[in-house]
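Protein sequence lines, in the order shown, are assigned to chains B and X. 16 is the number of the first residue of the first sequence in the working numbering; add one for each residue after it. 16 is the number of the first residue of the second sequence in the working numbering; add one for each residue after it.
Watch out, some of these pointers could steer you wrong.
Repeated chains share a single entry, so a pair holds when one copy, or any two copies, can fit it.
[What the hints assert, rightly or not] Computed cross-link-like contacts, BS3-like style, restricted to lysine-lysine with a CA-CA straight-line distance of at most 27 Å:
id	residue 1	residue 2
1	K39	K273
2	K112	K71
3	K112	K144
4	K163	K144
5	K246	K197
6	K291	K144
No lab work stands behind these hints: they were computed from the structure.
There are 2 protein chains.
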Amino acid sequence: MALDRLIEAIKRTGNPSVAGLDPKLEYIPEYMVNAAFDEYGQTLEGAAEALLSFNKGIIDAICDIVPAVKPQAAYYEMYGWPGMRTLAKTIEYAKSKGMYVIIDGKRNDIGSTMEAYAAAHLGTARIGKNTIPAFGGDALTVNGYLGKDGIMPLIDVCRISDAGIFVLVKTSNPSSGDLQDKIIEGKPVYHHMGRLCEEWGRMLPGRYGYSGVGAVVGATWPEQLSELRAKLPHTFFLVPGYGAQGGGAADVKGAFDKDGIGGVVNSSRGILCAWKKEGCAPEDYAGAARREALRMKNDIIAVIG
Amino acid sequence: MALDRLIEAIKRTGNPSVAGLDPKLEYIPEYMVNAAFDEYGQTLEGAAEALLSFNKGIIDAICDIVPAVKPQAAYYEMYGWPGMRTLAKTIEYAKSKGMYVIIDGKRNDIGSTMEAYAAAHLGTARIGKNTIPAFGGDALTVNGYLGKDGIMPLIDVCRISDAGIFVLVKTSNPSSGDLQDKIIEGKPVYHHMGRLCEEWGRMLPGRYGYSGVGAVVGATWPEQLSELRAKLPHTFFLVPGYGAQGGGAADVKGAFDKDGIGGVVNSSRGILCAWKKEGCAPEDYAGAARREALRMKNDIIAVIG
Numbered sequence: 016m017a018l019d020r021l022i023e024a025i026k027r028t029g030n031p032s033v034a035g036l037d038p039k040l041e042y043i044p045e046y047m048v049n050a051a052f053d054e055y056g057q058t059l060e061g062a063a064e065a066l067l068s069f070n071k072g073i074i075d076a077i078c079d080i081v082p083a084v085k086p087q088a089a090y091y092e093m094y095g096w097p098g099m100r101t102l103a104k105t106i107e108y109a110k111s112k113g114m115y116v117i118i119d120g121k122r123n124d125i126g127s128t129m130e131a132y133a134a135a136h137l138g139t140a141r142i143g144k145n146t147i148p149a150f151g152g153d154a155l156t157v158n159g160y161l162g163k164d165g166i167m168p169l170i171d172v173c174r175i176s177d178a179g180i181f182v183l184v185k186t187s188n189p190s191s192g193d194l195q196d197k198i199i200e201g202k203p204v205y206h207h208m209g210r211l212c213e214e215w216g217r218m219l220p221g222r223y224g225y226s227g228v229g230a231v232v233g234a235t236w237p238e239q240l241s242e243l244r245a246k247l248p249h250t251f252f253l254v255p256g257y258g259a260q261g262g263g264a265a266d267v268k269g270a271f272d273k274d275g276i277g278g279v280v281n282s283s284r285g286i287l288c289a290w291k292k293e294g295c296a297p298e299d300y301a302g303a304a305r306r307e308a309l310r311m312k313n314d315i316i317a318v319i320g
Numbered sequence: 016m017a018l019d020r021l022i023e024a025i026k027r028t029g030n031p032s033v034a035g036l037d038p039k040l041e042y043i044p045e046y047m048v049n050a051a052f053d054e055y056g057q058t059l060e061g062a063a064e065a066l067l068s069f070n071k072g073i074i075d076a077i078c079d080i081v082p083a084v085k086p087q088a089a090y091y092e093m094y095g096w097p098g099m100r101t102l103a104k105t106i107e108y109a110k111s112k113g114m115y116v117i118i119d120g121k122r123n124d125i126g127s128t129m130e131a132y133a134a135a136h137l138g139t140a141r142i143g144k145n146t147i148p149a150f151g152g153d154a155l156t157v158n159g160y161l162g163k164d165g166i167m168p169l170i171d172v173c174r175i176s177d178a179g180i181f182v183l184v185k186t187s188n189p190s191s192g193d194l195q196d197k198i199i200e201g202k203p204v205y206h207h208m209g210r211l212c213e214e215w216g217r218m219l220p221g222r223y224g225y226s227g228v229g230a231v232v233g234a235t236w237p238e239q240l241s242e243l244r245a246k247l248p249h250t251f252f253l254v255p256g257y258g259a260q261g262g263g264a265a266d267v268k269g270a271f272d273k274d275g276i277g278g279v280v281n282s283s284r285g286i287l288c289a290w291k292k293e294g295c296a297p298e299d300y301a302g303a304a305r306r307e308a309l310r311m312k313n314d315i316i317a318v319i320g
């Protein structure tokens, strides 16, 4: 239940990090892009095929040392329905390798529509006599701007599918304060959203003290991360912003409780583009991703003890 | 520029309404679902094919009297990548019939990711030597919780693609007040979000006084609709909540300015399921949709003069 399977995967690998699968064509070695273009042309299908090959290489290289992947829906939508097919195949492949999959979609809508998003990403669609998962994620990021009735359908599906959600609380981007830092009744908006996570989470209790309703809190706001850790004892944190966005290990320390759990730190570009930074042979891009994933693991483990 | 093409389509048809294409399998006549299942099985492909046939029938029946359609992404995502292919084909078909297409995706993310969503829904992807639109919408609904830098990439793409966005301000659902009605510096959150629409809209001015940054304001909140109309003179409103969600013509009146422009009212289930409510032959589902679309048009026109 809840986010227990994610927490168990973190304990098993000893690694509280997640690899963000946000593949742009320019992150992918040229030989791999060209192979896909040769087969499918410079089309949406060609791009989607390149993304899939790239993702599989990354997953193969890290699945024994990284507990989870977080594909960012936008990078697949950009390549249309072939891109979405690559998203579905990437999720299927990652799960077949034992990885936990967080779909980063930041979905949000009114209740009746949220039922469809919940079915799409975490549950199943009823089609005639069949029930079929569309994307089959283990967790989904969501935006809570619409309040409780945009969240309830997710809670219901999480209960049935043993899935979880992460609600945007304090995002990693520079302008997150435009709304999130504004003060309501003496507290910033992100506190209120955090409190709602605790409230909604009571419906999905977990066995490690953390509910099935997690929160997204950016590594770029280390003070707020520590502050929220103290205020939201049952809310597990998904922490983007490490690496390319500027957050370091010291910045994410606050996400973790005294037992060293409570959060999972995401790196996307840092891992996917490690081969460029390292300057290794393009054919070794997945090896570079693994080396960076290990470096990141050790970096974080060192500060959370 | 901006939302001018939408406003012109509304003027041309004399109809400030939009048909929400939120097709669930249970809305579709059995003969049509069975035909799709016979060809593709009770699969994601079968469901997606039924949705596409249904949508085409609706579009054919209303394209001369309704200026725009609003496909809700969730109902396509529920059927996986085949569903997303139906979304793309539905958009293409509606545009070929001269309709304006608002993709209801409520997308949101940090700047670098929002570039991908903007490309996906309103722009093009660069693939080798080609630039290819993935979904090709004319406008996209978005969630502003992340602030300005989640919006800027959309503004850039809107300028290039002659597209627009609608930012969630006051949503139609019962719990929209959980966050949106909370008071910041003496004003509810939705006022602040509305003010941001005016501010962001200055970057996309339009020739009818309304910018390319519209706002979503639910018909279920008629007082707030009038209040926001007065406060946001350059912000065009997308008004969901008419019909099945309980809003009537009197409730949407406040969305319009003294010249009878300023808003477009959405009905989804009311139009798609008109054949069930009417009790007509299932084969006449599209005719029933047209009759309901005309009824709705006259209903709204009567109150806005």
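Status of the hints after comparison with the structure:
1. K39 / K273: neither (37 Å within a copy, 47 Å between copies)
2. K112 / K71: Answer is within: at 10 Å inside a copy they meet the 27 Å cutoff, but 40 Å across does not.
3. K112 / K144: Neither, since 29 Å and 35 Å both go past 27 Å.
4. K163 / K144: Neither, since 31 Å and 46 Å both go past 27 Å.
5. K246 / K197: Answer is both; intra-copy 18 Å and inter-copy 20 Å each pass.
6. K291 / K144: between (49 Å within a copy, 23 Å between copies)
Violated hints for the displayed structure, listed by number in ascending order: 1, 3 and 4.
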